[in-house]
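**Q** Construct all of the structure, not just a fragment, from the sequences and the given hints.
Chain by chain, the residues run as shown.
Protein chains: 2
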Amino acid sequence: MKTSLEITLSELKKFLNEEQISVNLTVRELHSKDESYHEVSLPDIVVFPKETDEVSQILKTANNLHIPVVPFGRGSSLEGHVIPYDNGITIDFSLMDKILEIRENDLLVKVQPGVTRTQLNKELKKYGLFFSVDPGADATLGGMAATNASGTTTVKYGVMRDQVRDLEVVLADGTVIHTGSLAAKSASGYHLNGLFVGSEGTLGCFTELTLRVYGIPEFTMAARAVFPTVQNAVEAVTSILQAGIPIARVELVDEESIRQVNRFSETNYAERPTLFLEFDGNEAGLKQDIEFTKEIMEDHGCEEIQFETDNTARTKLWDARHNLAYAYIHGNVGKKMMVTDVCVPISELADAVVFARKELNSLDLIGGLTGHVGDGNFHAIIMIDMNDAEEVARADSFNEKIVHYAIDRNGTCTGEHGVGIGKQKYQALEHGAALQVMEKIKIALDPNNILNPQKIVKIESIGE
Amino acid sequence: MKTSLEITLSELKKFLNEEQISVNLTVRELHSKDESYHEVSLPDIVVFPKETDEVSQILKTANNLHIPVVPFGRGSSLEGHVIPYDNGITIDFSLMDKILEIRENDLLVKVQPGVTRTQLNKELKKYGLFFSVDPGADATLGGMAATNASGTTTVKYGVMRDQVRDLEVVLADGTVIHTGSLAAKSASGYHLNGLFVGSEGTLGCFTELTLRVYGIPEFTMAARAVFPTVQNAVEAVTSILQAGIPIARVELVDEESIRQVNRFSETNYAERPTLFLEFDGNEAGLKQDIEFTKEIMEDHGCEEIQFETDNTARTKLWDARHNLAYAYIHGNVGKKMMVTDVCVPISELADAVVFARKELNSLDLIGGLTGHVGDGNFHAIIMIDMNDAEEVARADSFNEKIVHYAIDRNGTCTGEHGVGIGKQKYQALEHGAALQVMEKIKIALDPNNILNPQKIVKIESIGE
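Those protein sequence lines, which keep their order, are chains A and B.
Note that UniProt numbering has the first sequence beginning at 1, numbered continuously upward.
Note that UniProt numbering has the second sequence beginning at 1, numbered continuously upward.
Among the clues, some could well be false.
[To be verified] The following label-pair restraints were derived from C-beta to C-beta distances: (1) V40/B to I216/A: 32 to 40 Å; (2) T229/B to K458/A: 56 to 64 Å; (3) E123/A to G136/B: 38 to 46 Å.
Note that these hints are calculated values from the structure, not bench results.
Don't be surprised by glycine CBs; every beta carbon is placed ideally from N, CA and C.
**A** See below:
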């Protein structure tokens with residue numbers, strides 16, 4: 001008698017070539033993990049579709065056989081999103097990596113899910129355009145839409161969800177739908193774009209994305225500003241935002257992290273809470289904005305401020321922020337990085353950062369704090385020895401405290417990294433009765449629970 | 001034996017006061033219509049809740065008795081959204097009209113659903129803040145969220161959905177949920193904010209809204225620019241947007257409409273396609289933007305351009321745009337206004353407007369075209385004699401043609417007015433298989449189909 005694996009393979013071979021199906025251990029291992037510290041788990045099969053119709057047939061097959069399916073971009077997720085805890089089929093989208101259309105006049109692009117953001121930006125540059133979302137990693141756009149990625153530019157340009165005009169989605173039963181249109185706005189039907197973005201592969205697989213792009217700004221200016229306390233820095237940002245000054249990026253780095261950077265880069269930045277800012281727009285407007293910004297910052301006790309417009313100088317100015325993670329990694333050889341990711345109302349941010357620093361110290365954890373201040377989203381970068389169970393437990397306890405702190409203040413357990421497996425346990429606490437609404441939607445759209453099971457919502461496991 | 005109406009009334013009286021329940025014909029008539037030309041239909045009962053708990057009990061009662069429920073703000077919808085075609089209970093939110101909290105530092109406000117946008121803006125002015133969405137009518141914020149309202153400022157500030165940080169929603173069975181949090185961004189769980197905004201009362205009733213607000217810009221400038229053709233005007237706007245110049249409003253008015261305005265207001269504007277623009281920001285930046293804008297417009301054949309910064313002069317400059325509807329109404333006494341509302345990709349807008357004008361003329365309809373050019377959304381304002389069945393039929397046929405034209409070009413049947421009853425028949429054409437996803441969500445969340453039945457999705461009627 002054939003095993004379940006043999007049956008699945010023989011079904012897949014009906015419409016995929018040999019080289020599109022792998023049961024090779026090395027390939028499976030590459031798809032057993034992401035960039036997080038979460039436990040690994042192997043898929044049984046990895047498939048590499050080249051077109052929507054193949055994805056549709058893969059899902060139809062999996063749904064008929066009740067086999068779990070996990071979509072996979074680059075594996076750069078940070079909460080175990082792509083780890084197949086129920087094994088089954090992992091769909092690797094690396095062969096679907098084409099930029100399909102650039103609609104210059106509509107400021108739109110149509111791409112396949114395997115296109116990465118740097119690949120897209122390289123092409124867009126020829127048109128004087130750029131794609132705004134920058135989560136740090138060179139993730140695929142499919143993955144970024146699946147997790148509602150965001151990053152340093154969100155304060156001005158918004159999150160991934162704000163960029164998605166339309167998705168081609170293959171549902172659990174293989175049906176292909178479009179969630180939007182090419183119109184810049186619509187009041188027609190339920191907002192499926194918004195629902196599918198951030199659904200982390202639990203409601204469908206994306207096979208095409210239509211995304212907003214922007215004209216490259218005429219003029220960019222960077223700034224670094226040093227403050228006596230985190231409160232001063234955050235209050236300055238709040239005042240700048242209230243004044244309606246459009247900041248393109250604003251990052252806070254705490255003094256401990258500046259110390260770490262100084263040690264790593266042999267620099268001698270003032271070891272104080274520091275803001276890294278970027279402004280873009282037209283030259284005259286920026287100059288006026290910057291005068292006003294300077295005034296506001298000085299009113300909030302700013303001790304040192306440096307502006308740069310030249311490209312090289314700007315990059316150098318931001319170095320301390322960019323080198324932060326490396327500084328911690330190089331300064332703590334043998335330890336692994338764990339990154340927390342809560343977001344609080346901006347009025348709560350200063351206190352939250354102070355609370356986090358106190359907890360890090362009292363739990364004797366090595367780590368720094370950095371935040372997307374304009375959004376109230378901040379990370380603790382903690383270096384832990386994964387072989388030291390007691391240290392791991394302290395880090396977990398820190399994460400738990402930070403999450404409770406954020407939710408108690410009407411914030412969220414994850415500002416940008418997503419739920420995956422790591423934040424699943426906080427969903428009930430954060431969403432309350434709304435979690436049942438999410439579960440009802442999941443069951444309605446994926447009744448056999450084949451799509452990335454155990455992620456976001458936990459539904460009864462699949463029958464055989 | 002008690003009638004169904006008597007049973008419902010006696011249940012409602014258990015938790016509502018006498019004056020919160022009405023079966024008075026005048027009151028019911030006020031809730032039998034909106035501002036559209038769609039057929040009226042009476043609710044059996046109108047209730048006026050004062051708090052969330054009462055709304056919850058009303059829905060619990062209605063759900064148990066399988067009575068349809070329609071939420072009602074001000075009745076300013078344009079596609080029959082609030083008309084209770086299955087009768088039942090209409091919930092009027094006019095007693096829930098309190099501004100609950102202004103969180104200045106978070107740029108957030110918390111309001112009850114019956115607060116109107118001008119009521120909110122009057123209060124916000126004291127804080128140097130404003131609420132951005134302006135659909136023309138002084139609608140309630142609950143209604144604006146229910147229909148995902150937008151308007152002239154959308155090109156810069158986005159639609160209603162972009163402003164909603166959190167909703168308190170009462171579901172069909174009376175459960176109270178929150179769809180978001182106070183965090184500026186979140187990657188936690190499915191995006192229920194986006195799903196409920198625009199659901200037109202078919203998934204739940206809103207009892208509290210947390211909305212984004214903005215600092216009042218330092219400087220505002222208005223412009224009026226005359227072009228030889230609609231194409232020139234639209235191409236100029238496309239170039240301005242590509243250049244990344246932030247326009248706060250940009251409205252197109254076609255030459256026939258300018259003629260109508262001249263006749264009504266005894267003005268003598270050039271009877272040519274005209275753009276009305278508004279820019280906001282800092283003074284130096286605006287001045288540079290405006291120089292560049294002028295250059296771009298002249299490159300696209302602009303024949304006449306006028307800028308104003310003074311408040312009175314700005315208002316006067318925009319008069320022709322603001323008086324458009326009145327000009328048509330006053331110029332066509334006895335006729336009723338019908339407004340179409342498609343949205344196309346911006347690259348298709350010029351052709352779409354030319355097509356619409358040709359069709360209006362060939363169908364011998366009196367009407368003008370006006371568009372939110374930055375979004376690709378445009379309206380035909382058509383004056384029809386509702387007693388002339390043949391004229392009504394020609395107007396309906398025009399609407400149908402325009403909708404097909406937009407959907408064929410990957411646009412939408414409604415840019416901002418919503419589906420209601422008027423655009424229900426186009427949902428399958430526009431959304432294809434995605435409509436079944438919407439139906440599944442509706443059935444999962446409102447299994448008895450009591451919430452504003454027949455709107456957006458059509459589900460089997462309620463059993464008794």
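**Q** Against this structure, judge whether each hint is valid.
**A** Status of the hints after comparison with the structure:
no.	hint	verdict
1	V40/B to I216/A: 32 to 40 Å	violated (53 Å)
2	T229/B to K458/A: 56 to 64 Å	holds (59 Å)
3	E123/A to G136/B: 38 to 46 Å	holds (40 Å)
Hint 1 alone, counting from the list given before, is not met by this structure.
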